[in-house]
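**Student:** The chain contents come next:
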Amino acid sequence: MKKMMKRKITTSIITLSLSTAVLMTNVVNAQGNSRDTISAVGSSTVYPFSTVVAERFGKSTDFKTPKIESTGTGGGMKLFCASNAINTPDLSNASRRMKKSEFDMCVKNGVKSITEVLIGYDGIVLANSNTTSQMNISRKELFLALAKEVPAKDGSPRLITNPYKLWSDINPTLPATKIEVLGPPPTSGTRDAFAELVLEGGCKSFDWIKAIKKQNKAKYKEICHSVREDHTYIEAGENDNLIVQKLSANPKAFGVFGFSFLDQNSDTLQGSVIDGQAPSFETIADGSYAVSRPLYFYVKNAHVGKVPGILEFLTEYTSEAAMGEEGYLTDKGLIPLGEDKLSNIRKNVLSLTPLVLNK
Amino acid sequence: MNSSLLFIVLLCLTLFSYWFGIKRSLKVAGGAEYKKSLISLPEQFGLLTAMVCGLPALITLLIFNSTEQLVIEQLLTNTLPIKIQQLSSIDLGLYLNNIRSIASTETSQTLLQNISSQTLEQTSNASLITQYQGALTLQTLNQQASWLKTALVLIIAVVSVIILVRKFSPTFKARQKAEAIIWGLLVSSSAIAILTTVGIIVSVLFESIHFFKSVSPAEFMFGTQWSPQTAMRVDQVGGSGSFGAVPLFAGTMLITFIAMLLAVPVGLMIAIYLSQYADARLRRFAKPMLEVLAGIPTVVYGFFAALTVAPVIRNLGESFGLSVASESALAAGLVMGTMIIPFVSSLSEDAISAVPNSLKEASLGMGSTRSETVINVLLPAALPGIVGAILLAISRAIGETMIVVMAAGMAANLTANPLDSVTTVTVQIVTLLTGDQEFDSPKTLAAFALGLMLFITTLGLNILALKVVRKYREQYD
Amino acid sequence: MTNAIQQTRKNAKDNLDMNNSKPSKLLSTTEIVALSLKKRHKKEKRFKNLGLLAVLFGFMLVLVLISDITIKALPAFGQHWVQLDIDYKSDWLNIEETSPETLLAEQLKTANFRKVLRNSIYQMFSSTADKKLSRSEKRELTKLFSTNAEFTIKDALIESPVLLNKQANIWVRLDDDVDSYLKEGFSDGEAGLRLSEQQAGWLAKLNAEKRLENRFNLSFFTASDSREPELAGIKGALVGTLLTMLVTLLLSFPLGVAGALYLEEFAPNNRWTDLIEININNLAAVPSIVFGLLGLAVIINLFELPRSAPLVGGIVLTLMTLPTIIIASRAAIKAVPPSLREAALGLGASKMQVTFSHVLPQAMPGIITGAIIGIAQALGETAPLLMIGMVAFIVDVPTSIVDSATVLPVQIFLWADSPERAFLAKTSAAILVLLALLLVINISATVLRSKFESK
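Protein chains in written order, with numbering that gives the first Met the number 0: chain A, 0 to 358; chain B, 0 to 476; chain C, 0 to 454.
It is possible that part of the hints are untrue.
[Unchecked claim] Partner residues aside, some chain B positions facing chain A, computed with beta carbon under 10 Å:
#1 Q228
#2 D278
#3 A305
#4 L306
#5 P355
[Stated by the list, open to error] List time: in silico DSBU-like cross-link candidates among lysine-lysine, alpha-carbon distance up to 30 Å:
#6 C:K42 with A:K305
#7 C:K88 with C:K209
#8 C:K44 with B:K286
#9 C:K42 with B:K359
Since the hints were derived computationally from the structure, they do not count as laboratory data. Keep in mind it's a predicted model, so treat the numbers as computed, not measured. Heads up, the beta-carbon is just placed ideally off N, CA and C, and yes, glycines get one too.
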């Protein structure tokens with residue numbers, strides 16, 4: 000290439016780069032307008048449902064598709080309750096009801112008007128790969144397997160560090176494999192629900208521990224909810240899909256997650272029988288499978304009208320097509336509410352009735 | 000006019016000033032024939048004029064843009080009723096946001112109409128009226144700001160040019176002045192690189208110090224229990240919050256060791272073969288092969304490790320009766336080694352080629368075979384370079400994230416068994432920071448402390464590598 | 000070498016002592032060496048073969064990697080469609096057929112196409128059976144078809160409203176489970192993967208009626224991310240990558256070249272310059288995740304720029320690429336022969352003129368190559384972008400650099416976690432696209448370099 004051409008090209012490249020670089024800085028200052036995409040954070044269990052509704056909403060209306068992030072119920076609540084400012088999330092998905100302490104934090108930070116939307120029910124399952132045998136276990140035994148401290152083996156009312164290494168150590172009928180459970184971290188609502196329904200359920204079957212509840216609630220909670228930290232219970236993050244994959248690769252391990260994940264992967268996984276009940280659509284719906292909990296999401300009323308489409312999104316979510324008995328959320332593994340309950344909730348939600356939490 | 004249009008106008012003005020400067024300088028010289036009487040070239044006069052036109056105006060534009068919103072917001076707030084002004088900053092922010100969206104969607108005529116119709120109807124819509132009025136004010140303010148900006152920028156541009164051009168004379172040192180400005184621009188560009196390092200160090204250090212207030216450095220560096228998942232709320236029971244990072248360091252070391260075990264021999268042998276034995280044809284194919292290995296994104300390696308290598312190792316191990324974790328350190332280590340092979344190979348090849356040919360020829364001339372030359376002459380001579388290469392490769396392996404996030408586990412196991420699952424420093428950083436990000440819980444800050452460790456370690460290894468190469472490098476000529 | 004000679008000497012001596020009793024002359028060094036030659040040549044050959052093995056091992060690794068991913072990716076490029084008889088009954092649609100044109104169009108937008116789809120399907124399959132389908136059978140049946148099917152038939156009706164209250168043959172997508180089943184090659188009616196025997200039977204029936212077709216999956220390139228594997232595409236991620244790369248290139252190229260010029264040509268040789276040099280060399284080796292930490296702490300927290308925007312991603316990647324570009328540019332500038340500089344200076348040019356008019360154009364090929372390689376590296380980066388929040392589920396294609404977006408490597412990372420078989424294929428296909436992109440960029444760099452150098 001001739002010298003002149005080279006020089007011309009060089010100069011033009013230089014000028015071009017300089018000018019566009021400066022243009023960039025202009026754009027930076029151009030933003031700061033109001034947001035036009037709904038943003039949601041929170042539970043990884045509710046994530047599959049919210050994303051499906053979001054996608055349909057984006058396809059069938061002119062609004063932008065809502066942006067959904069999976070941070071865990073606890074993490075989501077923190078972001079949601081940070082303030083009413085426009086750069087905080089509009090919706091918070093939760094796989095358990097909002098706690099009073101979270102509600103107080105919200106109110107303290109100015110988020111006073113929140114609408115609660117009950118979506119449906121979900122069971123928590125203890126699943127493993129269906130290439131091995133199905134586990135038949137009780138909540139008491141699960142507590143003994145996973146708690147940090149367990150009652151002494153001789154039955155005296157004292158606690159010892161959890162000594163059980165194999166499932167068969169607890170109950171000879173259980174398999175003689177290493178206890179290995181992949182479960183959610185404390186940011187997850189599933190963890191809270193699991194602690195309350197399974198661990199506490201098994202814990203209070205010991206009468207002397209149950210008696211402590213009346214005297215010292217905090218200590219009772221500590222005993223019943225503390226999970227062991229010696230690599231038998233492995234906190235596997237907010238990505239339940241990952242747990243599903245790991246279970247397929249490792250048939251000896253068990254996973255704790257919502258029923259919808261078991262349902263969607265029923266060809267490779269199976270749910271353990273807990274207290275005599277196997278998890279299925281029917282047993283969760285009629286309540287015979289004890290480990291089930293409701294799913295929610297919460298709306299920041301202050302953002303309705305400021306971010307376009309929130310009310311319409313709520314309409315789509317609570318519609319018959321979505322949350323109804325034959326709705327598309329049911330196809331994804333959600334246990335639906337009954338007809339009456341649904342219409343009641345729809346009425347409350349679309350009128351943005353604010354939540355009042357007293358306990 | 001808006002910023003982009005203004006910018007383009009400015010650009011045109013600058014180009015015009017270039018031409019103008021040239022013309023003016025020629026005029027000052029007394030006509031085109033007297034070009035030689037100028038100290039600097041006319042083009043340089045032109046360049047100076049262009050820069051003087053463009054730069055001050057540009058800086059003004061940038062400053063104006065960054066402060067425009069704040070000033071307008073303040074002015075707008077001052078026109079609102081006292082009650083609104085006294086709202087908390089967040090409520091006020093929401094209110095202003097509301098006004099902004101009204102202002103951007105309705106035209107001023109519609110607003111005026113709405114206001115007059117509302118006043119006629121009801122005074123109960125007072126807040127709505129205030130909002131409409133606010134929107135109107137905002138629109139006016141925006142317009143005024145736009146005019147001010149345009150005027151200011153253009154005036155500064157033109158005035159600067161005029162002031163400059165007056166100074167033109169045959170002895171005016173246009174070139175020196177232009178070059179001084181360019182020099183300034185170059186210096187500030189290199190300053191950005193420093194700012195980055197400063198930024199990294201400051202931000203990571205700042206948060207780490209915050210962390211070490213709640214967790215003692217001794218516990219962090221020497222503790223063997225890693226359970227960072229503390230409770231989220233007051234009434235929740237979470238992990239015990241122990242932040243002993245030794246299992247993480249051990250895990251990182253294990254995987255790095257496995258990776259080096261694969262990469263160093265293979266990389267070194269490839270380097271030796273390609274530099275000493277290979278013919279041109281093989282080299283033509285081998286070079287791209289190495290470049291492909293080096294260019295594959297780490298997320299692809301991670302996918303390969305998690306979905307192909309790990310199950311293969313698992314099945315192999317099971318058939319031998321060993322208990323292999325599904326996320327063995329072996330899988331992650333082997334794939335990481337693959338990624339590092341081109342690194343080791345190219346750096347070693349550089350080191351070996353740097354040894355003067357005279358040594359190699361002398362050895363061959365004395366009758367040694369090529370392998371003997373390599374082993375006894377070239378490698379010892381190139382040893383500092385090779386050691387440097389290995390150290391740099393180790394540093395790369397330690398800092399690698401995606402392969403371990405996808406293929407290694409999350410359990411902070413303190414073990415030396417490559418068939419177990421371990422976790423590394425980088426995996427924990429990612430786990431701790433995706434999701435809940437409250438910047439005053441030890442959990443989130445622990446990620447920054449880990450980042451600090453990583454930064455210091457890789458920095459140390461790089462400096463060591465440099466020192467080794469410099470100190471032990473033989474000077475042959 | 001000395002060992003071999005000593006050994007040979009010893010062997011020779013022992014041999015002599017053992018075999019001959021009469022005194023023998025000592026072997027000369029040449030003869031000793033000649034004896035040891037065979038062994039040494041063997042060693043040489045072994046060594047050479049070891050080296051060749053290593054090179055071949057490298058080739059094998061590349062081959063295994065690429066072929067593994069290609070094999071996994073192939074299913075993603077095809078998608079099975081099925082032809083359905085759709086009955087656009089107006090009472091199913093829940094609209095008034097006697098409404099005027101404009102009102103009809105509005106009503107069609109919100110009509111119940113789900114019901115139309117379901118009932119049409121039930122009609123198709125229960126016509127053969129005497130009894131009506133049970134509830135679970137209905138569920139199994141509708142699971143065969145993609146959730147997008149109702150939107151496909153909706154679009155079909157809106158396009159030709161004359162179809163109202165008539166029957167039409169519409170092609171819709173099959174669900175990803177069915178698609179994977181068909182690609183697996185089971186025999187007719189055999190249950191497999193996630194399909195029950197009854198579902199397999201229905202499929203066989205559809206196949207017998209020639210209603211199934213395997214088409215090229217164009218939607219992989221034209222659609223954005225989706226929760227349904229059969230609908231997921233990489234368009235959003237590609238556009239996001241493009242925008243992010245644009246920001247990175249436009250920010251890092253001028254800054255990098257300017258910095259390199261300064262350091263190489265103008266900086267005085269003092270401690271500060273040394274410090275800057277060490278600084279830049281270290282930055283080039285800092286793990287990418289630390290840049291993510293920086294981006295999180297400073298750019299998002301301090302400057303409050305929007306999360307997940309290509310702008311922030313671009314800034315973080317610029318900081319990462321800058322050292323690479325500076326180092327490559329410095330090397331290119333250093334390679335310019337001093338004779339060029341001295342000649343120009345000798346003719347009276349100033350330092351600045353020498354740099355910009357002579358050195359820079361001469362070094363430009365090397366600089367551009369370095370920049371392209373730096374951008375290619377940044378293209379494949381994932382870790383720092385994870386930290387700044389580009390991990391959300393984002394469906395809309397970004398239109399500006401401040402919209403929420405994701406990039407191709409992050410999309411691959413997110414999809415890699417999904418257990419559906421179809422997502423496995425899609426992830427591999429996305430990896431192939433990424434590798435192809437990188438290949439194109441690297442080849443263009445090489446071509447550019449050779450073009451500049453030959454002229």
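**Student:** Each hint: holds or not?
**Tutor:** Hints and how they fare:
no., hint, verdict
1, Q228, "holds, 4 Å"
2, D278, "violated, 33 Å"
3, A305, "holds, 8 Å"
4, L306, "holds, 9 Å"
5, P355, "violated, 35 Å"
6, C:K42 with A:K305, "violated, 79 Å"
7, C:K88 with C:K209, "holds, 25 Å"
8, C:K44 with B:K286, "holds, 23 Å"
9, C:K42 with B:K359, "holds, 18 Å"
When held up to the earlier numbered hints, the structure conflicts with 2, 5, 6 and fits the remainder.
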